[in-house]
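Asks: Now for the letters of each chain:
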Amino acid sequence: GESVGLHLPTLSVQEGDNSIINCAYSNSASDYFIWYKQESGKGPQFIIDIRSNMDKRQGQRVTVLLNKTVKHLSLQIAATQPGDSAVYFCAENFGNEKLTFGTGTRLTIIP
Amino acid sequence: EPEVTQTPSHQVTQMGQEVILRCVPISNHLYFYWYRQILGQKVEFLVSFYNNEISEKSEIFDDQFSVERPDGSNFTLKIRSTKLEDSAMYFCASTGQGFGNTIYFGEGSWLTVV
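Quick mapping for you: the protein sequence lines, in order, are chains A and B.
Start counting at 1 in the first sequence, then tack on 4, and there's your number in our numbering.
Start counting at 1 in the second sequence, then tack on 488, and there's your number in our numbering.
Next up, chain A with everything else stripped away, as it sits in the complex:
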């Protein structure tokens, strides 16, 4: 079952610096991964996705890296801005209908 009151990992980054958020996923059969951003009181907002046949994908200021060998996913945000402060979730999908979300990391951008 789920733990009550999960303690979120936190990351504080100076504005303008780059940030790296890490995620360990659970299912070696997962073949589609997504990063979502969630601001307080709002729904998950899609950032970037990657399929298992890739190991890197770039978007605007964001890069996702996938290491299937160790089941690890990372999100790199370049030149962070105050608006990047949020909780970031990775989610995995293994060919069925549901996304399985990770615990989340709270990113705080220090002005």
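Quick caveat, the hints were computed from the structure, so don't treat them as lab data.
Glycine included, every Cβ here is placed at the ideal spot set by N, Cα and C.
Wrong hints could be hidden among the right ones.
Distance condition first, Cα-Cα at most 30 Å in a straight line; then the derived DSS-like pairs of lysine-lysine [what the hints assert, rightly or not]: (1) A:75 to A:60; (2) B:571 to B:530; (3) B:545 to A:75; (4) A:60 to A:46; (5) B:571 to B:545; (6) A:60 to A:72; (7) A:46 to B:566; (8) A:46 to B:530; (9) B:566 to B:545; (10) A:46 to A:75; (11) B:530 to B:566; (12) B:566 to A:60; (13) B:530 to A:60; (14) A:75 to B:530; (15) B:530 to A:72; (16) B:545 to A:72; (17) A:46 to B:571; (18) B:530 to B:545.
With the C-beta cut set under 7 Å, the calculated list includes, among others, these residues of chain A facing chain B [to be verified]: (19) 29; (20) 48; (21) 105.
Chain A is already provided as a structure; the job is to place chain B on it using the hints.
Replies: Same frame as chain A, now just chain B:
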């Protein structure tokens, strides 16, 4: 940009009462989902819906829960007899083509059961 819209944004209900949460998915999407997030916890899958039937559901989605697409635009989640532990943020989501395509989430409906 098209978005998933949800109503109400916040509802307070007495334990044992029925609640209906409403969602309008993105108009050309075919796959619909409900997720929930208990305060401070992960986002959890509840149910997926395609072609007017449930395609997958989690163990959370017991007989107290039901979903419906009553017309061409709305997608609802009904909780028949709410319990205190149903208090959570409920997110509706949709996607156009199912697996491997971007799933867009609504802003959520915050349900408080007292």
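Asks: When the hints from earlier in the document are held up against this structure, which numbers fail?
Replies: 12 and 19
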